[in-house]
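Chemist: Here are the chains, one letter per residue:
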Amino acid sequence: MRCRVLYFARLRERFGLAEEALELDGVPSVADLIAQLQARGGVWLEELAQAKRFRVAVNQELVQVDALIPDSAEIALFPPVTGG
Amino acid sequence: MKVAIQTETFDVGIEMAAISHNRTDIGAIASFVGLARDMNSGSEVSAMTLEHYPAMTGKALAAIVDQAMQRWPLLDVSVIHRVGRLLPGDPIVLVIVAASHRAEAFAACEFLMDYLKTQAPFWKKEATPDGERWVDARESDNTAAERWVRD
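Sequence lines, in order, name chains A and B. So our numbering is basically just the index in the first sequence, starting at one, shifted up by 27. For the record, in the second sequence the residue sitting at position 114 is 95 according to our numbering, with numbers rising by one throughout.
These aren't lab readings, by the way, just hints derived from the structure by calculation. Virtual Cβ for every residue (Gly too), placed ideally from N, Cα, C. Wrong hints could be hidden among the right ones.
[To be verified] In silico lysine-lysine, PhoX-like type, Cα no more than 25 Å apart, as pairs:
#, chain 1, residue 1, chain 2, residue 2
1, B, 40, B, -17
2, A, 79, B, 40
3, B, 40, B, 106
4, B, -17, A, 79
[Said to hold, decoys possible] Quick list of simulated restraints, FRET-style, between CB atoms:
#, chain 1, residue 1, chain 2, residue 2, range
5, B, -10, A, 53, 47 to 55 Å
6, B, 1, A, 70, 44 to 52 Å
7, B, 52, A, 53, 36 to 44 Å
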């Protein structure tokens, strides 16, 4: 299945990428997607190695890493938020 | 309920007047204004840029306001959050809560800010004499939000 992955703030700058389309196998969870991105090594592994350093939203809602990804989902990866 | 994300500034007086316009059941209005500071983590800050996730921000703020309205008997809530480039002294965020009595107005105002700080997708980047830097999330903000879960 296909999904759209968006990156914000520090992650967007470090990855040099604001968004991409990805193909995922089976019924993937957020953890499966993270593992696939970590496998790219370099900054990907560095930024995504520690769960405390990033947050994930699926279809614009914050989720935990065990959440499943529905088909055609919009997934966003970003640093812990700092508004207000 | 009003939720707005905007680059322009806001007028607290106008927003306060709007929330009580044409109604006489409100007995208490509590408000919070967050401002951009000229110092953070030991460095001078000359400007700040706020980035957000447009498709999610409005939804996330509306969900936070809904939670507050379920928790306390509130009469109305306004939340305005600015994005883009801000200078020290500029207002960043406004929360106004209207209720019959002060206790729920004060409590809900704090709750809204604590949740906004930990759940709404905004990120601050500061300009300092050593260059630009992303602001790190603070553990104390998580602790502040968690106290509402324990209560």
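Chemist: Holds or violated: residue 40 (chain B) and residue 106 (chain B), Cα atoms, limit 25 Å.
Modeler: holds, 23 Å
Chemist: Take a look at whether the Cβ-Cβ distance between residue -10 (chain B) and residue 53 (chain A) falls inside 47 to 55 Å.
Modeler: About 49 Å separates the Cβ atoms of residue -10 (chain B) and residue 53 (chain A), which means 47 to 55 Å holds.
Chemist: Decide if the proposed pair is consistent with the structure: residue -17 (chain B) and residue 79 (chain A), CA atoms, cutoff 25 Å inclusive.
Modeler: Violated. Residue -17 (chain B) to residue 79 (chain A) sits at ~32 Å, over the 25 Å cutoff.
Chemist: At the C-beta level, are residue 1 (chain B) and residue 70 (chain A) separated by a distance inside 44 to 52 Å?
Modeler: holds, 51 Å
Chemist: Just to be sure I understand the hint, the distance between the Cβ atoms of residue 52 (chain B) and residue 53 (chain A) should be within 36 to 44 Å; is that true here?
Modeler: holds, 39 Å
Chemist: Just to be careful, I want the Cα atoms of residue 79 (chain A) and residue 40 (chain B) compared with a cutoff of 25 Å; is the pair within it?
Modeler: Judged against 25 Å, a Cα distance of about 23 Å means the pair holds.
Chemist: If you draw a straight line from the CA of residue 40 (chain B) to the CA of residue -17 (chain B), is it 25 Å or shorter?
Modeler: holds, 12 Å
Checked against the numbered hints given earlier, this structure breaks only hint 4.
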